Amino acid sequence: MRVTDDRTAVWMYTVTRDAPGGNELPNGVAGERVRTLDAAGLTAVVGTVGLDDFGEAALRRNLEDLDWLEVTARAHDAVVAAVAAVTTTIPLRLATVCSDDERVRTLLTEHRAQFEDALRRVTGRSEWGVRAFAVPDETPSDPEDDGGAGGGPGARYLARRRTALSAREAFAQVVAGEAAEVHAALLRLAVAGRRQASTAPVLTGTRDAMPLNGTYLVDDDRTDEFATAVASLDRSHDRLRLELTGPWPPYSFAALPDRVDRESP
Amino acid sequence: MTAGHPDADRRIALVDLLDRVLAGGVVVAGDITLSIADVDLVEISLRTLISSVKAAVGSVEAPAEPKRIGR
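Just so you know, the sequences run in chain order A and B.
One rule links them: number in this note's numbering = place in the first sequence (from 1) + 121.
One rule links them: number in this note's numbering = place in the second sequence (from 1) + 7.
Where hints are given, some of them may not hold.
Label-pair distances were calculated between CB atoms; the ranges are [stated by the list, open to error]: (1) B:ARG17 - A:ALA234: 17 to 27 Å; (2) A:GLU153 - B:ARG17: 37 to 47 Å; (3) B:ALA36 - A:GLY298: 35 to 45 Å; (4) B:ALA36 - A:GLU290: 29 to 39 Å; (5) B:ALA36 - A:ASP359: 16 to 26 Å.
So the derived list for chain B, only partly shown, Cβ under 7 Å to chain A, looks like this [to be verified]: (6) VAL22; (7) VAL28; (8) VAL35; (9) GLY37; (10) ILE39.
Worth flagging that the hints you see were computed from the coordinates, not collected in a lab.
Small disclaimer: the values here were computed from a predicted structure and weren't measured.
All residues carry an ideal CB built from backbone N, CA and C; glycine is no exception.
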């Protein structure tokens, strides 16, 4: 049965083993009521959206609009998170749009093994993010410290520059070392984890480096242990400030295993 | 601590979310979005974010190519 017509398409949110029946889900990215489609023993949570806003050309344009992107990402996440709150689920990447219900059922059937694998992997687990910012060394350097160099003002200036540079390098090294320790410690408590690219400083609004932007798949019965470990690592690493976010639906651990297990040392 | 701009926290929360919904999730090719590659999405959104933030805060001294820092 084709529920959709030429002016609409079907936005995919997330896939589960069983419909979150009777559960009140928030409205979707187009303000639409979300619904479910079954095939191959799986259930897709979807919504009907207009092609005027969610067709390919419209998406390309809209994704460049930060306000649109923010509202859409939050709406997509709200539906996924609501499903994740009641059952194990595998989120679809933002902007997975099909022409009709039949295409969604075909995708479920074609990717059944992939979804089953992913569902097994994340059952009883949640994703947690841990971000570390470098805490700048506030110790003021002595402007008269010329590093023991004699000579004129030029030589003293160069010596000071060298001292400042090597101090900065040493600081960056310490911070990188601490970040690697934190990541390794968290990996021991997690089922899987990976380091993502650091967020650009223009976005964080701080010049402090972000030596760790990690995300971890953690057994739900170890959540407290994980949070306690983050707090304790925060205290034991002077040069880092750690921030924990979550629980997230398992966005970063939804892909096929060979895409997920790219764990950095 | 993440001082500098009042809505820095909200912005970071948005970046956290975009990191996940644009770079994570299962990738299956919907027939409407077949040609919007996964990498494109992340690049588009990052460019969008950075340009809009720059416009909002004016002369932020950011690196010309704000890719990755730290490491």
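**Q.** Pairwise beta carbon distance, A:GLU153 to B:ARG17, judged against the given window 37 to 47 Å
**A.** violated, 26 Å
Q) Can the hint on B:VAL28 be confirmed by a CB-to-CB distance to chain A that is less than 7 Å? A) holds, 4 Å
Q: Using the Cβ atoms, figure out if B:ARG17 sits within 17 to 27 Å of A:ALA234.
A: Hint violated: Cβ distance 39 Å, outside 17 to 27 Å.
Q: For the hint on B:VAL22, just tell me whether its beta-carbon gets within less than 7 Å of chain A.
A: Hint on B:VAL22: holds, closest Cβ of chain A at ~5 Å, below 7 Å.
Q.
For the restraint on B:VAL35, tell me whether the closest CB of chain A is nearer than 7 Å.
A. holds, 5 Å
(Q) Under 7 Å is the threshold here; is the Cβ of B:GLY37 close enough to any Cβ of chain A for the hint to stand? (A) holds, 4 Å
**Q.** CB-CB spacing for A:GLU290 and B:ALA36 relative to the 29 to 39 Å hint
**A.** violated, 46 Å
Q) With a cut-off of 7 Å, does the beta carbon of B:ILE39 approach a beta carbon of chain A closely enough for the hint to hold? A) holds, 4 Å
Q: Take a look at whether the Cβ-Cβ distance between B:ALA36 and A:GLY298 falls inside 35 to 45 Å.
A: holds, 42 Å
**Q.** Hint check for A:ASP359 and B:ALA36 - Cβ pair distance inside 16 to 26 Å
**A.** violated, 48 Å
When the structure is compared with the earlier hints, violations turn up for hints 1, 2, 4, 5 and for no others.
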